[in-house]
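Given chain A's structure and the hints, the job is docking chain B onto it.
Number of protein chains: 2
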Amino acid sequence: MGKPIVYGPSYSVYTRAVLMALIEKKVAYDQVHIEMDNEEHHAPEHLKRHPFGMLPAFEHNGFMIYETVPILIYIDDAFPGTRLMPGDIHRRTRALQILSVINSYAYRPIIWGIFAPRIFPRPGRIVDEAAIAEAAKTGEHALRAIEELMMTPDPFLVGRQISPADLLLEPVVHYLEITAEGKAMLGRLPKIAAWHAAIQARPSVKETVPQ
Amino acid sequence: MGKPIVYGPSYSVYTRAVLMALIEKKVAYDQVHIEMDNEEHHAPEHLKRHPFGMLPAFEHNGFMIYETVPILIYIDDAFPGTRLMPGDIHRRTRALQILSVINSYAYRPIIWGIFAPRIFPRPGRIVDEAAIAEAAKTGEHALRAIEELMMTPDPFLVGRQISPADLLLEPVVHYLEITAEGKAMLGRLPKIAAWHAAIQARPSVKETVPQ
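Quick note, the sequences are listed as chains A and B, same order.
FYI, in the working numbering the residues of the first sequence are 1 to 211.
FYI, in the working numbering the residues of the second sequence are 1001 to 1211.
One chain only, chain A, in its complex shape (with noise of 0.2 Å):
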């Protein structure tokens, strides 16, 4: 069986999290970085491997996929080692959940609405400060759903092991974190700040943690 192949850079959230769940299986992979300020994830070498021009792309023995639930479910399934998606029937519902919540409410909010427009400001745009106020309140509105959806007191999302939710979730929190909004939102999120910080010392956040 020939290693895994990522196409994506690691700055990339979606692409944080596949590098996360190899790790956290401790399978070896290569990385092919794909650069998006040069508009690399547009060019037509790429949209063969991702049709909608969307990072990552993974490769195994030749098989390919895109979209990162499958990638996250299918890594979990081929490779040996820890299981990632909870065995038990109602913990990996709410898995499946928050990932869906995070893919479909709180990814563009948080990412595209604060934490691109606060820390990549265009040069001589004037920053729309109602756009982000509107973003930071539909974000806090996701987070909340996926505090409702974790299955507190256990320490990760979704019971006493790592799942694919708390690696798609982490790389949002943690540009989140960086930006005045979302520390300010964190604070009223006790649930999720407290598994944020508690996260941070997994070998697999710290080996994969933008600079």
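Treat the hints loosely; a few may be bogus.
Cβ-Cβ distance ranges computed for the label pairs, FRET-style [to be verified]:
| hint | chain 1 | residue 1 | chain 2 | residue 2 | range |
| --- | --- | --- | --- | --- | --- |
| 1 | A | P153 | B | D1128 | 50 to 56 Å |
| 2 | B | A1043 | A | K206 | 42 to 48 Å |
| 3 | A | R188 | B | I1089 | 38 to 44 Å |
| 4 | B | E1134 | A | P121 | 24 to 30 Å |
In silico DSBU-like cross-links for lysine-lysine, where the CA-CA straight-line distance does not exceed 30 Å [claimed, not checked]:
| hint | chain 1 | residue 1 | chain 2 | residue 2 |
| --- | --- | --- | --- | --- |
| 5 | B | K1137 | B | K1183 |
| 6 | A | K183 | B | K1048 |
| 7 | B | K1025 | B | K1206 |
| 8 | B | K1183 | A | K48 |
| 9 | B | K1137 | A | K48 |
| 10 | A | K191 | B | K1048 |
| 11 | B | K1183 | A | K137 |
| 12 | B | K1048 | B | K1137 |
| 13 | B | K1025 | A | K48 |
Some, not all, of what chain A presents toward chain B, calculated at C-beta under 10 Å [unchecked claim]:
| hint | residue |
| --- | --- |
| 14 | E67 |
| 15 | D77 |
| 16 | R94 |
| 17 | L96 |
| 18 | Y105 |
| 19 | W112 |
| 20 | I119 |
| 21 | M151 |
| 22 | D154 |
| 23 | K191 |
Hint data in this document are derived by calculation from the structure and do not stem from the laboratory.
Even for Gly, the Cβ is constructed at its ideal location relative to N, Cα and C.
Positioned in the frame of chain A, the structure of chain B alone reads:
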């Protein structure tokens, strides 16, 4: 074990996928109609079931689930009968990818970009033909990606058994086909057109098809 309850109207794409899954698994269920026309899905009572006001929500023995992919996978795992999710890792991955492509790239342009303005044009408003043409282009790109993910020559999307991917794609293509854009598009997508024609004989399709 009590009967599960589906909260949603049969005309909703996502609700219909869940109803079809229950019929495929031969599970008796109750359905609580939630009306979108009078904003019942945004009323406090439904927001307790689904904090983002989407449809459907699902309840089984007091366990509440929202988001359709987690609901479909829960139904498959919780009830006996035919397995909907393929046992083979490659087919399972393709099913999860198709579900993700529908959610992230196909549903919005096809349902809200083509079907809704064509079939339910807003009274007194001019139909935005450029927006519909753009949605048709985006929607066709997504369906073409799904054709690439299909495991032909199998009769269903990813094999010889119906899968959650088939259950979610059917209601989307059903509405698309009603429109002139959809008819033309399906003429250029022979694999999906053949799959869609063949699946019409399925009892779960016939019993749930909107009138």
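Legend entry - Pairwise beta carbon distance, B:A1043 to A:K206, judged against the given window 42 to 48 Å: Since the Cβ atoms of B:A1043 and A:K206 sit about 45 Å apart, the hinted range of 42 to 48 Å holds.
Legend entry - Agreement of B:K1137 and B:K1183 with the hint, judged by alpha carbon distance not exceeding 30 Å: Given that 30 Å is the threshold and the Cα spacing comes to 14 Å, the pair holds.
Inset, instruction - Kindly confirm whether 38 to 44 Å is satisfied by the beta carbon distance between A:R188 and B:I1089. - result: With Cβ atoms ~41 Å apart, the hint holds.
Legend entry - Agreement of hint A:L96 with chain B interface, Cβ distance less than 10 Å: holds (4 Å)
Legend entry - Minimum beta-carbon distance criterion (10 Å), A:W112 to chain B: Hint violated; A:W112 Cβ to chain B Cβ min 14 Å, cut 10 Å.
Inset, instruction - Measure nothing beyond the straight line between the CA atoms of B:K1025 and B:K1206; if it is 30 Å or shorter, mark the hint as holding. - result: At roughly 15 Å apart (the allowed maximum being 30 Å), B:K1206 and B:K1025 satisfy the hint.
Legend entry - Satisfaction of the A:Y105 interface hint, Cβ to chain B closer than 10 Å: holds (6 Å)
Legend entry - 30 Å Cα cutoff - pair A:K191, B:K1048: holds (20 Å)
Legend entry - Given hint B:K1048 paired with A:K183 - CA-CA distance at most 30 Å: holds (27 Å)
Legend entry - Pairwise hint evaluation, A:K48 against B:K1183, where the allowed Cα distance is 30 Å at most: Between B:K1183 and A:K48 the Cα gap is close to 27 Å, so the pair holds against 30 Å.
Legend entry - Given hint B:K1137 paired with B:K1048 - CA-CA distance at most 30 Å: The given pair, whose Cα atoms are some 37 Å apart, is violated under the 30 Å limit.
Inset, instruction - Take a look at whether the Cβ-Cβ distance between A:P153 and B:D1128 falls inside 50 to 56 Å. - result: Roughly 51 Å apart at Cβ, these two residues keep to the hinted range, so it holds.
Comparing the model with each numbered hint stated earlier shows that hints 11, 12, 13, 19, 20, 21, 22, 23 do not hold.
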